[in-house]
Amino acid sequence: MKLLPIVLIRQLASYARTPSTYLNIAIFLTLSVALGLYTSPWLEKNNSDLHVFFQFHPWLYLLLIPALATQLWSDEANKGFLGLMKTLPVTAFDWVVGKFLAAWFVASTALLMTLPLVVIANYLGEADNTVIASQVLASWLLAGSYLSVGCFICVLAHQRTVIFLLTLGLLLIASGLSSLLDALEHQAPIGLLDTLASLSPALRFNSIDDGKLTLRDTLYFISMIFAFLSATTVTLNYKHS
Amino acid sequence: MPNLFGKKMIEISNLTKHAGNSIILSDFSFSANQQECLGLFGQDATVKTTLLDVIAGSTPPSSGVISIQGFNMQTHALKAKQLIGYQLANDPGHPTMSVKTFLGFIAALRGLHGADKRTRLEHAVARLELFAVLDAPLDSLSIDWKRKVAIAQAILHGPALLLLDEPTDGLSPEQKPAFKALIQALTQEMTVIVASRHCDELSDLCTRALVIAGGRLVADTALPDLQRDSRHFQAVTLTAESPLDLLALAVLPGVAGIEEHRHAPGTVTVLAMPGHTIYPHINTLIASRRWKINSLNLEPGRLNDVVHHLSQEASA
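Note that the protein sequences, when read in sequence, are chains Z and D. Per our numbering, residue 1 is the first one in the first sequence, and the count goes up by one each step. Per our numbering, residue 242 is the first one in the second sequence, and the count goes up by one each step.
Take the hints with a grain of salt, since some may be wrong.
[To be verified] Cβ-Cβ distance ranges computed for the label pairs, FRET-style:
(1) Z:VAL234 with D:HIS317: 35 to 45 Å
(2) Z:TYR238 with D:LYS320: 18 to 28 Å
(3) D:HIS354 with Z:ARG216: 38 to 48 Å
(4) Z:HIS240 with D:GLN416: 28 to 38 Å
(5) Z:TYR238 with D:ASP380: 23 to 33 Å
Because the hints were derived from the structure by calculation, they are not lab data. These numbers come from a predicted model, not from an experiment. C-beta atoms are modelled at their ideal positions from N, C-alpha and C, and glycine is treated no differently.
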């Protein structure tokens, strides 16, 4: 536990030194704003929240999160480096949580860079800042839960491309679950639909995104992060023994 | 530093390691005290590396107990790992991290901080003379510098047990004396286990030799005893300008045989019978015959041959 901050700082330094981090954040921000402005007349409509921008986040994270995840264990790609790390008195929990928090911090930075939109919304009209705060929180939690999935994939696979594709695939399924539900609406029993709907992060995200910040939906994301990080720690411990 | 004399630094009992269906180490037991330098010899490099990995706690054993200063590696892994410094055979590499950052990171993970961390880092850097490469990325270093960084990383927290895996690989012959002096100095402070293919290089460093063959410990003796087993123990190698009278050499008392060097004409090795000293007799012969001798060496015994022989015996 004591060594967690050291792992975290090292991982942040590793992100900061990699140009692709900046590129990914830039793409995320550009697409976020461009898609929002392109699909809806936000500037003319004088909206009180940022829903037009945030509704794309579950899809945009499909690009950002796998890219961040591939870098999580890239330091340890070197055989000698990895071997050395195993001999150090650091627990699997420190490694996993330290690295996860660093990646989440980078994702949060990307999210915070949308701050000018909040300023513009407030400048142009009557912005509902509590709804905006709820939207930012939803997006932040979503990024965290997606990253925890990425962390888990990282301990299963070693090649960067495999990590990227697996994470992308898994998140695509998660994000696409809501579309699947729409397609199944009249074919499947309602119980199954409800179960699937309760599993879908995108639907949970939409409900918080609309400004309905409930404990249930927040806990859903937190428990997802918790579950995947535990799975990662257990897998890492298992692999070393 | 606490007085640890008499207390076992490392104790290994009945260690066995399987990899899949093959047995890498079987029923391995030994112990070592403070200020010992153990040479780990054997033909198969993977076996030696696996043993060091198991001692360092990076691979768990299939069965058996390892305890470092009384801390069991299975149950008190973090405390035991803190006492060990390990220079791996695979050098650490990183595309961007500089030597300074790397050592700082390892020191932090070893739980060092503040002024203590700084002095220990400076000490390790000074000991291995790393000043010239401090700001260079790890991947840009040549193999000998990487080795030195790997050793610096292993000693910076002042471990009680130092594991070195092929430390002299990639070092040029000029660097080796300084390096030996370093290991000798380290032996004063900690228990050192060196795994190496070049047994003869370590003959004057190690106090004890462990020979592994076929996954088993076939010899655990003081190094001089192992040298005594060599056919070349007390042998004399001499090079002369003019052809030597081999018959005169062969009839000297205690001479067991003569080996001529095919690649170096004029060089012969005279073997001694066990328990006999032939050096003075050869000297007298040279003086009486007035041979022009270019070099005359008394051999301490060829460890490589002994280790090879033991391995052959074990596999047969």
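Verification of the hints:
no.	hint	verdict
1	Z:VAL234 with D:HIS317: 35 to 45 Å	21 Å, violated
2	Z:TYR238 with D:LYS320: 18 to 28 Å	22 Å, holds
3	D:HIS354 with Z:ARG216: 38 to 48 Å	42 Å, holds
4	Z:HIS240 with D:GLN416: 28 to 38 Å	35 Å, holds
5	Z:TYR238 with D:ASP380: 23 to 33 Å	31 Å, holds
The structure does not agree with numbered hint 1 stated previously, though it agrees with all others.
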